[in-house]
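Undergrad: The primary structure of each chain is shown beneath.
Protein chains: 2
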Amino acid sequence: MIELYELAGQDPDLRFSPYCWRVRMALAHKGEEAVTIPWRFYEKAKLPGAPHNQRVPVLVDHGEIVSESTAIAFHLEEEYGTGPSLFGGPSGEAHARFILGWTDSVLVPALAPFLVPTILPLLHPKDRAYFKSSREARLNASMTDLADSRDGRLSSIRATLTPLRVTLAHQPFLGGDEPTYADYAVFGCFQWARCVGADNVLDTQDTLNLWHDSMLDLFDGLARSAPVANP
Amino acid sequence: MIELYELAGQDPDLRFSPYCWRVRMALAHKGEEAVTIPWRFYEKAKLPGAPHNQRVPVLVDHGEIVSESTAIAFHLEEEYGTGPSLFGGPSGEAHARFILGWTDSVLVPALAPFLVPTILPLLHPKDRAYFKSSREARLNASMTDLADSRDGRLSSIRATLTPLRVTLAHQPFLGGDEPTYADYAVFGCFQWARCVGADNVLDTQDTLNLWHDSMLDLFDGLARSAPVANP
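Chains G and H are the protein sequences, given in the same order. Residue numbers for the first sequence, in the working numbering: 711 to 941. Residue numbers for the second sequence, in the working numbering: 711 to 941.
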């Protein structure tokens with residue numbers, strides 16, 4: 711049995727972590743079923759591998775504990791070699807590293823200040839004080855200032871997406887004709903926004919909607935049918 | 711015989727175009743010899759394929775004219791299949807597209823305003839009026855303002871390089887254990903800066919120096935031994 715520990719909101723069915731979505735999509739890509747287990751920040755001691763593991767996603771694969779989304783992806787690629795490849799071989803994997811690096815160092819930091827004030831009220835009440843203080847420190851801004859600056863951030867977020875637009879003008883997925891883990895890594899950020907109710911990251915005219923719709927459709931609409939916060 | 715038309719400065723041996731450097735490195739990767747032909751902007755009519763082709767690089771491969779660096783890379787990959795692959799297969803190629811897209815849409819625009827005022831006096835006198843007016847229009851700034859703002863741009867240029875640092879902390883090249891066309895595309899930008907004498911894009915402490923030095927060493931120091939503008 712495979713278990714996936716995912717960050718949940720006050721509503722245990724609300725799962726919005728971009729890193730957990732990478733793993734959810736990667737598991738579906740491999741055709742593997744997993745039991746997803748809601749987890750909140752206040753439950754640090756309950757996380758498999760605690761106290762070493764402090765964050766989700768954590769995968770428990772038939773008893774083996776694997777934490778951190780990229781490590782989980784490589785674990786799945788190695789252990790489930792008979793399913794479709796997540797990287798398309800060593801060269802795909804090497805080049806995909808840049809896409810993961812860009813996502814983590816550019817896209818996530820662009821979206822975080824925009825999404826954090828939206829996320830706060832969706833969290834379990836016991837999580838809110840921790841989330842507020844840790845994110846205010848990380849982003850070096852008060853939650854009030856972050857909320858006030860949200861609308862002003864949209865144009866620079868959209869500008870950040872230019873390399874995706876350029877690439878996806880050539881091919882349907884970042885991985886080529888079929889999606890790979892690179893697509894799931896980037897898409898996790900869009901699903902992060904979607905699940906917390908921030909559905910305006912992409913303008914309706916954005917050429918990325920074609921790719922985004924394809925990602926939502928994958929695996930019988932896995933991401934499209936995920937619970938979304940009420941506005 | 712393979713001929714490569716490259717942008718040259720007033721000194722015909724000074725070749726600094728980032729897109730031409732991609733092709734120079736790709737040819738060396740394939741183990742192919744080429745005659746490189748200096749070309750200046752005022753010689754538009756002399757470019758093979760003119761007037762359709764307006765820009766370098768242009769490759770003339772045994773009579774076949776191929777223009778635009780990415781098209782040239784795919785041409786080389788297809789026609790010189792017995793040499794080492796430039797992409798490592800279809801998945802490498804698909805994922806490399808994002809690295810090319812990022813380079814063209816983020817790295818080149820970050821460097822251009824920094825380098826353009828340095829390039830202007832290095833050009834052939836007949837090229838300068840065209841270069842000045844076209845670049846001032848493209849960058850929406852006067853050459854004087856661009857020159858005055860150079861130092862202030864360094865920190866944001868260096869911040870732009872973060873996804874490279876993250877990736878190259880994992881592996882020696884963007885292509886993995888060996889360089890691929892993705893490395894040449896990015897490196898072309900560094901060689902652009904180096905050849906025009908802007909050798910301070912990387913701080914001496916930058917972790918990217920390891921990769922940059924490896925790139926300069928490739929093919930018996932092809933890029934390291936290239937003529938550089940006198941300061």
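Bear in mind the hints are in silico, worked out from the structure with no lab data behind them. Only a predicted model underlies this, so the values are computations on that prediction, with no experimental measurement involved. By construction, the Cβ of each residue, glycine as well, lies at the ideal position given by its N, Cα and C atoms. Misleading hints may appear alongside valid ones.
Across the chosen pairs, the derived CB separations fall in these ranges [unchecked claim]:
#1 H/723 x G/919: 35 to 41 Å
#2 G/888 x H/929: 57 to 63 Å
#3 H/910 x G/882: 38 to 44 Å
#4 H/881 x G/852: 20 to 26 Å
#5 G/860 x H/788: 45 to 51 Å
#6 H/765 x G/754: 52 to 58 Å
#7 G/869 x H/723: 55 to 61 Å
#8 H/929 x G/789: 22 to 28 Å
#9 G/930 x H/753: 55 to 61 Å
#10 G/875 x H/741: 32 to 38 Å
#11 G/781 x H/861: 39 to 45 Å
#12 G/875 x H/861: 47 to 53 Å
#13 G/863 x H/881: 29 to 35 Å
To spell it out: a stretch of chain H is covered by chain G in this simulated footprint if at least three of its residues, at any positions, have a beta carbon under 8 Å from a beta carbon of chain G; those stretches are [to be verified]:
#14 754-764
#15 793-807
#16 822-832
Undergrad: Now look at each hint and say whether the structure bears it out.
TA: Status of each hint after checking the structure:
1. Checked against the given bound of 35 to 41 Å, the beta carbons of residue 723 of chain H and residue 919 of chain G, roughly 49 Å apart, lie outside it.
2. The supplied range of 57 to 63 Å is broken by residue 888 of chain G and residue 929 of chain H, whose beta-carbon atoms lie about 34 Å from each other.
3. Evaluation of the 38 to 44 Å hint for residue 910 of chain H and residue 882 of chain G yields a pass: the beta carbon distance comes to about 41 Å.
4. For residue 881 of chain H and residue 852 of chain G, the Cβ-Cβ distance of about 39 Å falls outside the hinted range of 20 to 26 Å, so the restraint is violated.
5. The supplied range of 45 to 51 Å is met by residue 860 of chain G and residue 788 of chain H, whose beta-carbon atoms lie about 48 Å from each other.
6. Between residue 765 of chain H and residue 754 of chain G the Cβ separation comes to about 57 Å, which falls inside the hinted range of 52 to 58 Å.
7. At about 38 Å, the beta-carbon gap between residue 869 of chain G and residue 723 of chain H misses the expected band of 55 to 61 Å.
8. At about 39 Å, the CB distance of residue 929 of chain H to residue 789 of chain G disagrees with the hint of 22 to 28 Å.
9. Residue 930 of chain G and residue 753 of chain H have their C-beta atoms about 58 Å apart, which keeps the hinted 55 to 61 Å range intact.
10. For the hinted restraint 32 to 38 Å between residue 875 of chain G and residue 741 of chain H, the CB-CB distance of approximately 35 Å keeps it satisfied.
11. Evaluation of the 39 to 45 Å hint for residue 781 of chain G and residue 861 of chain H yields a pass: the beta carbon distance comes to about 41 Å.
12. As the Cβ distance of residue 875 of chain G to residue 861 of chain H is approximately 32 Å, the hint placing it in 47 to 53 Å is violated.
13. A hinted range of 29 to 35 Å holds for the C-beta pair residue 863 of chain G and residue 881 of chain H, which are about 33 Å apart.
14. Proximity of the stretch 754-764 of chain H to chain G, defined as three or more residues with a beta carbon under 8 Å from a beta carbon of that chain, is not established by the 0 residues found.
15. Given as covered by chain G, the stretch 793-807 of chain H passes the check, having 12 residues with a CB less than 8 Å from a CB of that chain where 3 are the minimum.
16. Counting residues of the stretch 822-832 of chain H whose CB lies closer than 8 Å to any CB of chain G gives 0, so the stated coverage by that chain is violated, three being the minimum.
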